[in-house]
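Chemist: Chain residues, written in single-letter form:
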Amino acid sequence: MKALGAAVVAVAVLVVLPAFPAVLSSYAVSILTLIFFYGFLGQAWNLVGGYAGQLSAGHAAFVGVGAYTAAVLFERFGITPWLGMFVGGALAAALGGVIGYLGFRFGLRGFYFVLLTVAFAEVCRIVASNTDAVGGALGFYITFTGNPRHFQFQDPRAHYYIALALMLVATGVAWLVERHRFGIYLGAIREDETAAEALGVDIFRYKLYAMVLSSFLTGIGGTFYAFYLLSLQPGSVFGIPLSVEIIIRPIVGGAGTLLGPILGSFILTPLGEVSRAWFGQGGYHGAHLIVYGALLIGVVLFLPQGAYPYLARLFRRAQ
Amino acid sequence: MAVGLTLIFGVMRVVNFAHGDMMVWGMYLAFVFATKAGVDPYVSFPLCAAALFVLGVVVQRGLVDRIVDAPHEMQILLMLGVALVLENAALLVFGPEPARVRSALTRETVWLGPLFIDVARLVTFGVAVLLTGLLSLFLFRTSIGRTIRAAADNTYGARVIGVDVRRVYAVAFGVGAACVGAAGALTAPIVPFQPTYGLTASVASFNIVIIGGMGSLLGAFLGGLLVSVAESLGAVFLRPSLKELVSFSLLIVILLFRPAGLFGRRAG
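Line order of the protein sequences matches chains V and F.
The numbering used here numbers the first residue of the first sequence as 1 and each following residue consecutively.
The numbering used here numbers the first residue of the second sequence as 320 and each following residue consecutively.
Derived from the structure by calculation, the hints contain no laboratory data.
We treat Cβ as the ideally placed atom computed from N, Cα and C, and that holds for glycine.
Not everything, but these chain F residues come out facing chain V in the computed CB check (under 8 Å):
(1) R385
(2) E392
(3) I395
(4) L397
(5) L399
(6) R558
(7) E563
(8) L570
(9) L574
(10) L575
Assemble the whole structure, with the sequences as input and the hints as a guide.
Modeler: Right, here's the structure in full:
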């Protein structure tokens with residue numbers, strides 16, 4: 001049965017998802033693009049927040065660093081974002097390394113680690129909005145060339161395929177992590193750090209690895225973000241609201257599971273878009289978050305492991 | 320308001336991410352009283368505090384109580400959900416425009432030595448000091464205050480000697496929320512506010528509580544002073560827009576080297 005399930009998923013991924021843009025409206029394609037992109041960010045967060053159980057609430061910092069790096073390299077030095085995304089990812093990984101090193105070396109757990117990550121993201125936001133070289137508080141704008149070599153596309157379907165590829169790559173990384181010793185160590189750390197340490201797991205090292213890997217992927221996501229929107233505002237790429245968007249999908253879908261972040265994104269992104277459109281008509285921008293908040297409360301109270309483990313259990317019972 | 324947060328955290332080890340949003344609701348209640356009934360915020364603040372007390376008890380009884388033994392992360396997420404709901408409910412009800420409450424006192428000013436200061440700020444500061452004093456009296460001199468501290472020190476022990484811990488939690492959460500409500504109503508005449516202010520306020524009060532020390536009333540109060548002085552100095556010597564940088568850097572340093580805060584007794 002398990003093989004059959006995997007085969008169904010594989011067929012869906014290989015045939016159905018790539019074929020969607022040919023049949024769906026451009027609005028649906030743009031929503032799917034967002035689903036994949038947030039699924040990707042959620043999956044990247046999942047490595048450290050889900051598997052390792054280190055609740056980072058500052059992942060927007062890595063999006064911002066990746067986005068600004070690639071954008072500035074492109075605008076000021078003419079370096080193609082196809083390279084810039086890896087530079088951005090590397091810088092984000094460096095930042096993740098610093099945050100992880102400090103947080104884990106000083107043994108910050110739970111709420112204290114959350115605050116540390118928030119504080120670093122806020123520092124990044126304030127620095128970016130006070131650095132005139134990157135546009136300051138007004139933001140940074142990328143000139144539209146429409147040239148695929150510049151990571152820019154006339155056809156929005158290109159973004160769809162890139163986002164899909166990003167999500168699949170991140171899921172592949174998570175799959176590898178899950179299957180290797182590394183993932184088992186992370187799970188042990190999540191369940192009981194002290195016990196893991198007592199059993200000889202180098203918890204500092206593996207938490208740091210998870211953080212660096214996660215921030216690298218998130219930084220690459222930042223490049224996509226920058227060249228999808230073509231404008232960067234410090235408040236939106238470094239802000240706490242983006243961090244919340246990143247966290248909430250894997251939590252709702254199931255943190256620390258392979259498909260949880262993707263499921264979460266398929267649930268939340270359309271919900272967010274629909275309620276955004278609905279509330280937006282009355283001029284109440286941002287009020288869609290009320291739906292997120294209610295869902296988050298419900299999940300914490302009734303499905304603390306997220307939707308995916310619950311559905312998986314239902315599915316198994318049905319058989 | 321940091322005082323309210325430190326009470327909730329100190330007693331229950333629950334991180335209240337909805338703190339700033341509760342404060343914003345306090346501000347808007349003062350706003351409603353002032354615009355609809357013409358009541359000055361300096362008169363209506365006990366009403367706002369009472370309303371927030373009820374909200375706090377409801378949130379505690381209805382939501383937090385169910386998961387008080389769950390891992391810390393779940394509580395953070397739960398309160399984040401509550402924060403999102405409260406903030407955006409305020410957005411729906413009151414709209415995104417900044418609001419401001421007029422009080423008769425904001426137009427009066429006095430010379431205080433070499434300083435020119437408006438009476439409203441003085442009164443707000445005075446009432447804040449008074450409330451902090453009353454709260455410590457409540458915690459140290461009344462029997463319910465003693466049980467709150469007992470439950471904070473050792474939940475299991477308190478239960479053994481017959482304390483209704485659930486009730487104590489509800490009261491502590493309510494009193495914490497009431498402090499925030501009062502703080503909101505008292506600051507409403509001084510600063511313009513809007514629904515999104517809640518998040519900023521939450522983060523700012525976490526700053527203050529961490530820097531001052533978790534679970535210490537005096538620490539929360541001194542932390543508040545320290546953070547505002549540091550931010551003002553940052554605004555003067557660097558750039559006004561960099562003032563938050565000072566408090567966040569301070570926060571990072573304190574988190575790493577003194578996670579219990581400057582005046583706290585222990586790390587959480």
